[in-house]
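A.B. asks: One letter stands for each residue in the lines below.
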Amino acid sequence: MAEQTPQDQTAQDPYRHLRGTAGEERVELSREERKFIRRRSWWLLVRLSEGVRLKLLLTALAVLVSQACQAATPLIVAFAIDWGLPRLTEGQSSGMWLPGTAYIACAVIAAVLIFFYTRMTAEASQQMLYRLRREVFRKTQQLSLDFHEDYTSGKVISRQTSDLESLRELLDGGVNSLAQGLVFMTFTAGSIWLMDWRSGLLLVAAMIPIAFLARWYQKNSEVAYRRTRISSARMIVHFVETMTGIRAVQAFRREGARSRQYHRLAKIYRDDMVRSISLFGIMQPSLVLIGNLTVTAVLLWGGFRALDGDLGVGVLVALVLATKRAFQPLDMIAMFYNSLQSATAALEKVSGLLEEDPTVTEAEQPQGLEQARGELEFSDAEFRYPAHGTDDAGPVVLQRMDLHIPAGQTVAVVGRTGAGKSTLAKLLARFYDVSSGSVSLDGIDLRELAVEDHHRHVAMVTQEAFLFSGSVRENIALGRPDATEEEIIAAARAVGVHEFIEALPAGYSTDVTTRGGRLSAGQRQLVSFARAFLADPAVLILDEATSSLDLPSEQLVQQGLERLLGRRTALIIAHRLSTVAIADRVLVVDEGRIVEDGSPDELIAAGGYFARLHSAWQNSLG
Amino acid sequence: MQQNGLWSTLRRLGPYLEGRRVRWALGLFSAIGAAVVALTIPQVLQVLVNSVLAEGAGAAAVWTAVGIILLLGALEAGLIYMRRFFVIPPSSDAETAMRTRLFDRLTDLPTAFHSAWGAGQLQSRAIADLNLLRRWFAFGALMLITSIVAMLVGFTLMLTLSPLLTLVFLVAAVPILIIGPRFRRLFVHYSRASQDQAGEVATAVEESVHGIRVLKAFGRGGHALEGFTSRADELRSLEVSKAHTLARFLAAMVLLPETILGLCLLIGLWQVANEETTGITVGALAAFFATAAVLKQPIESVGMLLGMTFTAKTAIDRHIEVMDSENTIASPAAHGGEPVSPPEQGRIELKDVRFSYPDAEPDALPDGRSELLDGATLTVEPGETMALVSGTGGGTSTLLNLIPRLYDVTGGSVQVDGADVREFDLADLRSRIAVAFEDPTLFSASVRGNVLLGTVHERDEDDSQHPPRSQAPGRKDLDEVLAEALRIADADFVENLPEGVDTRIGEEGLSLSGGQRQRLALARAIAARPSILLLDDPLSALDVRTEERVTARLREALEGTTTLLVAHRPSTVALADRVALLHQGRVVAVGTHTELLESSALYRKVMSTGAAAAGVDALLEEAPHG
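Line by line, the protein sequences are chains A and B.
Under UniProt numbering, the first residue of the first sequence carries the number 1, and numbering increases by one thereafter.
Under UniProt numbering, the first residue of the second sequence carries the number 1, and numbering increases by one thereafter.
Hint data in this document are derived by calculation from the structure and do not stem from the laboratory.
Worth double-checking, as some hints may not be accurate.
Stretch by stretch, here's where chain B covers chain A in the computed footprint (C-beta under 8 Å, at least three residues) [to be verified]:
hint, stretch
1, 45-51
2, 67-76
3, 132-139
4, 375-385
5, 478-485
6, 489-497
Computed from a predicted structure; not experimentally measured.
C-beta: ideal position from N, C-alpha, C; glycine also.
Pulled out of the complex, with its shape left as it was, chain A reads as follows (with noise of 0.2 Å):
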């Protein structure tokens, strides 16, 4: 992958294909492909921490302080023999109170700054993943469609919820005992050179066999972490999948088939765990044998040379045992490794997704439309789906095309599915924008209105009428937030659902996820209504927002729907005549292009698809 030529890597990005999402399922990359994804999410990191490096480095040096003075303890309890005892014994009391004293002051220093250090890292490392949170969020929801299209929701949510969570395990647990260990290391090691260079030089040497282990645990560790990330995703989307679809399983009587599945799943899962928990268990042991042969040769060189009276029978003790003791963090730097390992497989993803751009954006400097009249013209108007990862330009959906609606007009769009309706109403919506021409509302390209000034004017409605959690009135408020109580009444009135909302366990306020707010697809649709009533739109779009209302609310609705439209441009996209049929103008589009345009009755007369279409309907009305 890496061996590309260097023109190459000039003349384009070489790492195109790990930018944003791409390539993030890859489990083994190259030496380059690593550094720059690493680069990437540590640059994330040092972002993330602005505004509490202050905090971070009161932390770092209370962990120090409060390090050195445990380190200490055992410092004044040999103070205390030596140097204590004896004036003790000619009856001076300060050799009492002067180790004792010292040392209880140590242990007050210490706790005290554990208290604030434990308080700091987690005020600090709750802020850092806060940001972040909130950086996620608003990036998915910056995203355009194309993007969530392609990437799925189970993936967005994971990178919100799991991979977050791994990087706050490292942030809150580890950072903490990293910087004890390698503390406590540092001060243990330097007692030692002091005390003998030549067991310090011991203890260097045995660091170039502890490199060698640490590059190779990192190189199998990231892979085994990775592969065990990709095979977790996989039984947890198999098994939300199975939980969702629990109705279609069973009555399909698939149980069986989805739990051997499962078991396959969880088993391999299972095995990559197991292997890359083995590579620690491998690791772990490695260090306690590296240091205590160390220990070893410190004791063999030291007892030499105090055979030979260069070196006190009393140091080579304390030498000994500081060398034991020096390697201990090891072990607790190896398990911060191992979070840090999980945290970064995480980080390479979240920054990933940070790193992708909207295709959709506000222009530089946006035009502001106060009042709109609700003209809509599309020029020269051509869209293409832009192919993920790629520069080659999708299939062409919606031919080149030029389309005046006037203000106020009902404009029925209808067509087989895939004719390219939908992407008319996407293109309004700026859900997508087209790959050339202009779409443009009051004479003003929409890709250089304001955006707050186009979602004032131009509402859409879908086929699927998501509600939030929250009650029945947060839903219906969620068109105009500053909207009053007698304005969602008012909206939900004129669309004809007041009475249903009303009958609900709490009226306005049933909470639509709880048992008694359980509301079929037309009711939710109605709610939908009612929500595009309040925002109050110049222009909406119906995106076969009609089809899943029931018989006689439809009839409720037909009314609200007249409503609802006013004087406003509409757009229905629809394949009900009930619907269609109150529109002022009828559009049929097939494959990518407008093929007839005229009023109902002009098109019934001209014989085309749609009066087939007519007559079909007529007949099924039976």
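Assemble chain B onto chain A, guided by the hints.
C.D. replies: Using the frame of chain A, we list chain B on its own:
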């Protein structure tokens, strides 16, 4: 609740440890061995250096000392390796066993259970909880025992060195015993609260992703971000409060033993100074502090390990909660009954069927009814196609769920082929029936796998959930069945998918539009070749032309298959031989479409497409200019 027996909770793990106990015990012994070796090495070093080198010993003495230390060092590393070698596989196996058994249990539990719990709750039990348990098995439990053993050994050592100092040192344990439980309560409170809040944050994330189109259509991304921000902020402050509690505890855990040790130093110095009366030597004092230093680590980690143990207990409790929940929908064999299996005809009889959702609030229904189905009676003859029509939320979809026993009636009975559905073996009952749900659920698999879900495809030869039926397509015919089902459902878009019928769809594959998914769900129901077909508004997402084609082919295909279909519009009703009108939880009229139009005012009201449509007809006739 926490007092609710750690032991009795642990005992519930028995089945998962079957055959794994020996390895685990070996691991425990290795761990204790390693700890004991770690404790001895400093002592041995001290003795060796002092005694061997003291009085002008030779090189041989150095070599002996080096040999012993080398041996102990290798032993320590070896024992650590052994601990992991012994413990990791059985812990992971136990985790996997719990995970798969939980899954199997969950797939057996009725739909009602699932809608009450939610996939998120179940997922955290299946993944995060069990990962935690594995870590506890492999590390926490082992280290807890090891630390306690090390502490006991250490205290005994210290006691022999200086009983007075040891007693003073133990005094430090008293306040820890007092603040310990208080701390645990507070800590558990905050960690529960922050876990719940993390769930809230996750819910906000989930909704913002699933509702992204709504948010984008109304430009409410900022609004959603505000809501999310306040939840995330709450989470942050809970986490910080948790850390503040922890900070107090950790500080106490250092402050108490260390100040007491400082006190011990004072007393010890005084004792040594008055050696004649107390009998305490310098060596003993030094050794006392050396041992206390070694004990520091186990004492500090016991707190952490106990915390882990209590979290593990919560995880086990949560696991047991699911495993113990009662399965209300099971085959008669489960309670020792003998299942019936009448010959397959395709007859459905509803007799005075009553139903309300288990968690429904009383008076939740708009018209004051207490039950969603309130004595519905209906017979569908073999081979007949019956449409089920009602107003909004009239319980038609619910009624379909009762036939394959996804829910059980709360009163009356549902009979298939002359027997109550509760007397059937579930696999037998459900193999006679195929359903296309209102919201088509597809799985991450190929189109083929999804459509052939109800057939022998990818099943073992002896799959007990696929009892032999004369009508069921055999293994050889599957390709034909697949092609036919796709043709009837007008799912020819499949041909244009990158890999045709082998294209992967679902969460891990290509995403399809609502209409495409609905057609595949329809094809799936047809491919199972059931004797009873249940269709819940199967054509709602299709455009008129497609609907027309599918309707024509369905009419042909439904010949001879008993079909009950929920209809929301006249064009769907057109598929049916007869129509049943459901109103206020009862079947109020049954007849052909024409009959009902004549006899039932309610039906006319429900079926008429309303004033607007009539208006258009008038408009079409009147409009002079066209």
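A.B. asks: Has the stretch 489-497 of chain A got at least three residues whose CB is nearer than 8 Å to a CB belonging to chain B?
C.D. replies: violated (count 0)
A.B. asks: Count the residues of the stretch 478-485 of chain A whose CB lies closer than 8 Å to any CB of chain B, then report whether that count reaches three.
C.D. replies: holds (count 3)
A.B. asks: Taking a Cβ-Cβ distance under 8 Å as contact, does the stretch 45-51 of chain A have three or more residues in contact with chain B?
C.D. replies: violated (count 0)
A.B. asks: Test coverage of the stretch 132-139 of chain A by chain B using CB-CB distances below 8 Å; three residues minimum.
C.D. replies: holds (count 4)
A.B. asks: Quick check: the stretch 67-76 of chain A, covered by chain B? Criterion 3+ residues, Cβ under 8 Å.
C.D. replies: Coverage by chain B holds for the stretch 67-76 of chain A (4 residues, Cβ < 8 Å).
A.B. asks: Do three or more residues from the stretch 375-385 of chain A put their C-beta atoms closer than 8 Å to C-beta atoms of chain B?
C.D. replies: violated (count 0)
In summary, the structure is inconsistent with hints 1, 4 and 6 from the numbered list given earlier, while agreeing with the others.
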